[in-house]
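Colleague: What follows is each chain in one-letter form.
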Amino acid sequence: METKRKYEVPVEARAATVPAGSVERALRVHPREERNPGTPLDLDLVRALRVNRSAVERRAATIPTRRTVKREWQAAWLLRAITCIDLTTLQGDDTPTNVLRLCAKAKEPVRRDLLEALGATDLGIRVGAVCLYHAFVPVAVQALQGSGIPVAAVSTGFPAGLNPLPQRIEEIKASVAAGADEIDVVITRAHALAGDWEAVYDEVRAFRAACGAAHMKVILGTGDLATLANVARASQVAMMAGADFIKTSTGKEAVNATLPVGVVMTRMIRDYHERTGHAVGFKPAGGMRSAKTALQWLILMKEELGDRWLKADLFRLGASSLLTDIERQLEHFVTGRYSAAHRHPMV
Amino acid sequence: MTTVSEIFETMAYGPAPESDKQAREWIARHGGEFGVFVGGRWTATQSAELFDVLNPATATRLARVTQAGPAEVDAAVAAARHAFGSWSTLSGHARARHLYALARAVQKHARLLAVLESLDNGKSIRETRDLDIPLVARHFYHHAGWAQLAESEFAGHGPVGVVGQIIPWNFPLLMLAWKIAPALAAGNTVVLKPAEFTPLTALCLAEIAHLAGLPPGVLNVVTGDGRTGGLLVAHADVDKIAFTGSTEVGRIIRKATAGSGKKLSLELGGKSPFIVFDDADVDSVVEGVVDAIWFNQGQVCCAGSRLLAHEGIAERLVTKLRARMEKLRVGPPRRSTWVPSWHRCSSSASASS
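First to last, the protein sequences are chains A and B.
Position in the first sequence counted from 1, then plus 107, gives you the working numbering.
Position in the second sequence counted from 1, then plus 272, gives you the working numbering.
Same shape as in the complex, but just chain B:
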C-alpha cells in the first residue's frame, strides 16, 4: 500500500481505474455467448460457429460471438426487408421519436457502453467516456432532427431500402452511429456487421435499441469476419452497401457491387501530412502533433502520420517532440488517464497523449 507521505514525495499520478463490473455482468447475462441480433431477437448459439472476442489489453477472452453464415445473413436481410415496409412509411416525426429515444437510451447506458468499448477495443476509458459515447448520443440526436425535417428539407427524396453496413474496429460504436443514425432517419432498415475484433458494443446497442422500442427488424446486427461481410455485399436483396475500412477491402467491394445496381458509399484510409511553418508556435505544434498522431493510438483514418516541417525549425521541433513523448503514459486502458494497448490488428505495443 502506497502511503500518503510517500506519494507526497514522489508526486506520482497513481491509478484511477474504472470498474468493469457492469460490463462483465452484461456479458455474463448472455452466458458469455452471443447469437446474432435479427428481427428483434437473439439467434440461438448451440449450433452456431462461434469465435472468441479478446480484450486486446490482456489477450484474455471476453465473450464468444457467432460467425454469421448464409442462414444468418439471409435471415437478417429478410427481417430488414420485412420491417422496411412499415418503417419507411412512418412519418418523419415518428421516426424522429424513435431516434430521440435511442439517443436518450445511449446516454442512460453511457457508462456500460464506455467500459464495454474500452474492454473490447483497448482504447482508454477517457476517450470512450469523453468522446466516443457522448458523440454517439449526439449523432442520434442530430439525425433525429433531420428525420423530423426530412419531409420539408429533403422533399422528393426517399429511402433506398435495406442497407448493408460494414464498419471497422477503431471507433466501433461511433462508426455504428455514423452509419445507422442517418440511414434510419431517412427510413432505411439496416443490417450492420461490426468488425470481428470489436463486435460487443454493436450487440449491446442492438439490445438497447430494442428495449428503447425500435421496431423489430429495423436494426439487425450480424457478427463475423470478412466472409460475413462478403455475404452481405453479395446479397441480392440488399439495396446499398456502406463501408468504412481499408482501401484494399474497399476495392474488393467496389468490384463486387459493380453492375449489381447496389448503391455504394466507401470511407477508406488516408495518409495525412502535418505541415509546420517556421513562424509557428512550436510548443503548440508539439501538442498538435501529439493529438494528430496519438489520438485513439493513431488508429484514425485522418491521423497526422507525416510531419513536414520547415528546415529552419525542424531540429528544435524534433527535440521538443522527443521530450514530449517521454510524457506519454502507457498502461491499462481503464485507468482513465493512462493510454492503452494498441489493437492487435496493428501491433501489440501501446501509446498516447
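Pulled out of the complex, with its shape left as it was, chain A reads as follows:
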C-alpha cells in the first residue's frame, strides 16, 4: 500500500517540485560537457558517405576477439556497464508498481554484499537512467527523487514515430513538463528510406527545440534502414540537427543493436567530433541480454571513440535483463559460483 501511495502524488505537488530536481540531475549527469548545438544540414557530406559493408562486418566480428577483460578487470568493467544502463521497461503491460520496482532496482542495481566483496561500495553504483513511456514519467520522477538518476521518456509516437508531427512535439513537451530529464525520440524511417534528409533534419530540429533543457537521444531505427550507408547518413543528420545521443533502435524492430551498426555509428560520432568539436553520445538498445555483450560494446567504444566515451554522459546501454546477467557474473566473480537468474529479480 505504501508503494501505491507514492505514485498517487497530486499532480500540482509534482509540478512544483520536479523541474528544479530534474535540472540538478541533468547537471550531475552531464557535468562539463557543452551540449551539441547542431550545425546546418550539410547535404554534400551526407550524400558522399560510403560504408564498406563487408569491411565493417569484419571489424565488428573481430572486436570481441581482439580485446578481452578478465578477473578484476572484468568485474570493474561490468560495474561501469551498470552505470551506463538505461534501465528500460517499454511494455504494453507496464504498471506503476512495475515501474516502482524498476526504480528501486535502478537505485541499488547490485546486491550490497556483492559490492562490499568487490570493495565498490563507495563508487555510487547506480544505473545511467530509467527509461519508460510518457505515462509513467511522474511515477519514476517521484520514486527517483534525490537519487541523481535521470528519467528518460520515449515521447514521439514510439516506436513507429508515425503520429502527426504536432502531437509528437506536444508529447515531448508533456514529458518534459512531467519531469523527464531525457527524451528518446524516433525519426521517421520513411524519410530516411526515401533519402529525404531535409525532412529528417527538420523533424529532429523541431524535437530538439521541444526538448528544451532535456537531453535528446535520437533513435534511428537501424533495423529498418536497410543499408549501413543509410545508418551513417541518418547518424550524421541527427547530429547536425542537435542530437545529444544517437541511439540504434527502439528495441521493437526485428533487428536491434548489432555490432556492425555500432561500428558505423561510432565512426560517425568520431567524425562529427573531429569536424565540430562536439561530443555526441551513443546508445545501443534492444536485444542485449548478456554481460559479455555489454563488454563487447564497451570495447567497441574504447577502440573506436576512446576512454572519454566510456561514461554515462556519452554512453548508454538500453536494456533491462542485461542487468540480471551482469549481477550473476559479479556474483560468480565474488563467490566462484553462478546463481540462478531469479535470485537477481528485476521487477
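Since the hints were made in silico from the structure, they are not lab data.
Among the hints, erroneous ones may be present.
[Unchecked claim] DSS-like mimics (lysine-lysine), calculated; alpha carbons at most 27 Å apart, straight line:
(1) 399(A) with 177(A)
(2) 418(A) with 214(A)
(3) 599(B) with 177(A)
(4) 418(A) with 599(B)
(5) 418(A) with 359(A)
(6) 177(A) with 293(B)
(7) 535(B) with 512(B)
(8) 599(B) with 399(A)
(9) 177(A) with 418(A)
(10) 512(B) with 527(B)
(11) 418(A) with 592(B)
(12) 177(A) with 380(B)
[To be verified] Not close to chain A: a few residues of chain B, all C-beta gaps over 12 Å, as computed:
(13) 313
(14) 320
(15) 326
(16) 360
(17) 362
(18) 382
(19) 433
(20) 526
(21) 529
(22) 577
[Unchecked claim] Partner residues are not named here, just some residues of chain A that face chain B (Cβ under 7 Å, in silico):
(23) 157
(24) 158
(25) 162
(26) 163
(27) 176
(28) 177
(29) 179
(30) 183
(31) 186
(32) 226
(33) 227
(34) 374
(35) 414
Please read all numbers here as calculations on a predicted model, not as lab measurements.
No residue lacks a Cβ here, since even glycine has one placed at the ideal position from N, Cα and C.
Knowing the structure of chain A, use the given hints to seat chain B on it.
Modeller: Below, chain B without anything else, positioned relative to chain A:
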C-alpha cells in the same frame, strides 16, 4: 594489486595471460633437448651438435635442438624411402583414415600447440589459438578428404616419392600443415626441415602424429639451419623439394636442383600494394591496412607493405591511420589481446592490431 575501484576509473584492459605450463612440461619431458625425429623415433642427443631455441619475446632459452648433419639427413631420407613402399600402396581410404586421425590429434592437443607456437615464434596467443592451429587441423581434414577421393579425382596420378620440405618461421606449424598434408594425402613420404628459429611445434607434431598411429618413416623431422636444408636439397634420394621462404634462398635451391631431375615447388616473398580510391569508406580502409600489414606482425608473404592512395584522400587517410596506430597494443605474446615481439630475424621491436 590493482583494485576493482581503480580499474573502474581507468577502464584499462588488464592482462589475460595464457598459462605456458603444459608447453613447458612437454619440453621438460624431453629433458630440454631434442634429437631429430626419424623413422618414428627420436635420435640420441649425447653426441649430436645442439643449438639453442630462444623465446623471441624474452630472449631466453626454451630448448636445445639438433643441428642435423649428413648422418641425420641420410637416416631421415632412408626412413622415408623405406616407408614409401607401404604408404604409397595404401588405399586412399586408408591414408585418409590416418590424416583424419592426425587432424583430430591436432585438435586434441590444440592448446599445447598454440602455446608452444607462441613461445617459439613470439606471435600472440590470439593468433596461434584462433588462426594457426585451427587452420592446421582444417588442412589435415581437407586433405584427408582428397586422399579419400584421390583414386577417382586424380585417376592416373601417383605419388612422387620422398619429398624434402623446407619451411619458414612466420607460420611454423601452419606451413608444416600446408606442406605435409597434401604430400601425405597423395602417398608421398616426407622429410621436413622447420626453420632453425622455430622448430618446436614441428617436433611436437611429429610426436603427436606418431602417437596418432602414423606409420614410422612417413613423416620425419630434421632440425638445423641452412646447412641442413642444403643437405636435404642435394640429397640424391630425394624426389622433390618444396620450399617456402626468401627469394634469395629460392634462387639457390633452383640452381642446386637444376638438372638433378628433382621436382621443385617454391613459394617466395612478395611486396603487395594496398590500393585506395577516393570514394572508399576510409575508416574501413584503415582497418584493412591494419590487418594487411600488422597481421602476424607483418611477417606474411602477402603483407600489404605498400599503401597507394588517391591524392584527394591521402592526407585524411594518413591522419586516421596515425590515430589508429596509437591503439595498437604491444606486449607479451601470451596475454591474449596483446601483440607480441617481432621475431629476432627481422627486428627486436613489437606490434599489432
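Colleague: Does each hint fit the structure? Answer for all of them.
Modeller: Hints, one by one, checked against the model:
no. : hint               : result
1   : 399(A) with 177(A) : 11 Å, holds
2   : 418(A) with 214(A) : 17 Å, holds
3   : 599(B) with 177(A) : 19 Å, holds
4   : 418(A) with 599(B) : 19 Å, holds
5   : 418(A) with 359(A) : 26 Å, holds
6   : 177(A) with 293(B) : 19 Å, holds
7   : 535(B) with 512(B) : 4 Å, holds
8   : 599(B) with 399(A) : 22 Å, holds
9   : 177(A) with 418(A) : 20 Å, holds
10  : 512(B) with 527(B) : 14 Å, holds
11  : 418(A) with 592(B) : 24 Å, holds
12  : 177(A) with 380(B) : 25 Å, holds
13  : 313                : 40 Å, holds
14  : 320                : 42 Å, holds
15  : 326                : 27 Å, holds
16  : 360                : 42 Å, holds
17  : 362                : 40 Å, holds
18  : 382                : 16 Å, holds
19  : 433                : 42 Å, holds
20  : 526                : 38 Å, holds
21  : 529                : 41 Å, holds
22  : 577                : 20 Å, holds
23  : 157                : 5 Å, holds
24  : 158                : 5 Å, holds
25  : 162                : 3 Å, holds
26  : 163                : 6 Å, holds
27  : 176                : 6 Å, holds
28  : 177                : 4 Å, holds
29  : 179                : 5 Å, holds
30  : 183                : 3 Å, holds
31  : 186                : 5 Å, holds
32  : 226                : 6 Å, holds
33  : 227                : 6 Å, holds
34  : 374                : 5 Å, holds
35  : 414                : 6 Å, holds
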